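Sequences listed follow chains Y and Z, in order. Just so you know, the first sequence maps onto residues 1094 to 1236 in this note's numbering. Just so you know, the second sequence maps onto residues 157 to 291 in this note's numbering.
Simulated from the structure, these hints should not be mistaken for lab results. Everything numeric in this text was worked out from a predicted model, so none of it was measured. Hints may be right or wrong, so weigh each one.
Simulated coverage check for chain Z against chain Y, where a stretch passes if three residues somewhere in it have a Cβ under 8 Å from a Cβ of chain Y [stated by the list, open to error]:
hint: 1; stretch: 193–199
hint: 2; stretch: 217–229
hint: 3; stretch: 242–256
hint: 4; stretch: 269–283
Here are the simulated distance ranges between beta carbons [unchecked claim]:
hint: 5; chain 1: Z; residue 1: 200; chain 2: Y; residue 2: 1230; range: 15 to 25 Å
hint: 6; chain 1: Z; residue 1: 197; chain 2: Y; residue 2: 1139; range: 18 to 28 Å
hint: 7; chain 1: Z; residue 1: 208; chain 2: Y; residue 2: 1170; range: 33 to 43 Å
hint: 8; chain 1: Y; residue 1: 1149; chain 2: Z; residue 2: 203; range: 11 to 21 Å
Quick reminder that beta carbons are idealized off the backbone N, C-alpha and C, glycines included.
What follows is each chain in one-letter form.
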Amino acid sequence: MSEQSVGRTAPERRADGASTRRRGIVGWGDPRGRRLGGFAFILNRLTGLGVLLYLSFHLVVLSLLARGPSAWDGFVSLAGSPLFLCFDVVLIFGLLFHGLNGIRVTLVGFGLVVDRQRAMLVALMVIGAIVLLIASVHILTVG
Amino acid sequence: MAHSEQPTPDRIGPMWTPSREPSRPTWGWILQAVTGALVLILVTLHMIANHFVVAGGLRDFADVVAYLSNPVVVVLEVLFLVVVTAHGLLGLRAVLFDFGLGPRLEAAITRVLAVLGVAIVAYGLWLTWTITSYH
Chain Y
1094 MSEQSVGRTA PERRADGAST RRRGIVGWGD PRGRRLGGFA FILNRLTGLG
1144 VLLYLSFHLV VLSLLARGPS AWDGFVSLAG SPLFLCFDVV LIFGLLFHGL
1194 NGIRVTLVGF GLVVDRQRAM LVALMVIGAI VLLIASVHIL TVG
Chain Z
157 MAHSEQPTPD RIGPMWTPSR EPSRPTWGWI LQAVTGALVL ILVTLHMIAN
207 HFVVAGGLRD FADVVAYLSN PVVVVLEVLF LVVVTAHGLL GLRAVLFDFG
257 LGPRLEAAIT RVLAVLGVAI VAYGLWLTWT ITSYH
């Protein structure tokens, strides 16, 4: 029980005979829900770490607000540059993928909609693609 | 397919597989799911409030001060900070734990990340206070 109580499926018992590695960086490709979610799992982590990196940057940049209008307004003009706007599009992609895939991961993790998770992933990604398209057009035209 | 009669075969099974391994979800996973759901709501509000409520979105310093003069906004933004910080650091913790570290190192990581989380929220509160008291 102690080994199994950490909330993970013992890989060596998996029906699909996928990787038996329990941990380690190779284990990134060995999540529960592998075949379908293999790439989704890795992308979930990459976007999660990316958004965390952005969040750190965001919090540091906001400290300019404590230094008054001139410091902040200087940054705002920089943030409107084409390079920053392209980063914004990448950020929106990361947020959308991580957020929408997270809905699936959470539901499946609690044992819900497990047998329909592929369809759910496709549906969520279609929604994400539409929102990403609209957001990108908005960011790159309106700014 | 040997398991075709099972609605939840192991290969696409849930985080913990009740059919074979009766194990409990970790507190980290539960908290990650709860904060994740809250972040989904709060980040949507954050984006809409920051970019669409004021025409053209929040831009200059005066816009930000005016935005934070609304107490509802302050509560939502601080709540968002708390929840997103917890979610992000729990995610980082999960990634680090997958490297197969020992229990002592894992406990140390949990402590360090908890302190970091408190520091981030304290910083956010200080910054919010500084901006709202700007004249």
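How the hints compare with the structure:
Beta-carbon proximity to chain Y at under 8 Å applies to 4 residues in the stretch 193–199 of chain Z; the threshold of 3 is reached and the given coverage holds. Requiring three or more residues with a Cβ within less than 8 Å of a Cβ of chain Y, the coverage given for the stretch 217–229 of chain Z holds, as 3 such residues are present. With 7 residues bearing a CB less than 8 Å from a CB of chain Y, the stretch 242–256 of chain Z meets the requirement of three and the coverage assertion stands. For the stretch 269–283 of chain Z, the proposed coverage by chain Y is satisfied: 4 residues have a C-beta within less than 8 Å of a C-beta in that chain, meeting the threshold of three.
For the hinted restraint 15 to 25 Å between residue 200 of chain Z and residue 1230 of chain Y, the CB-CB distance of approximately 19 Å keeps it satisfied. Between residue 197 of chain Z and residue 1139 of chain Y the CB atoms are about 24 Å apart, so this pair conforms to the stated range of 18 to 28 Å. A hinted range of 33 to 43 Å for the beta carbons of residue 208 of chain Z and residue 1170 of chain Y is inconsistent with their spacing of about 21 Å. Between residue 1149 of chain Y and residue 203 of chain Z the CB atoms are about 18 Å apart, so this pair conforms to the stated range of 11 to 21 Å.
Against the hints set out earlier in the document, a violation occurs for number 7 only.
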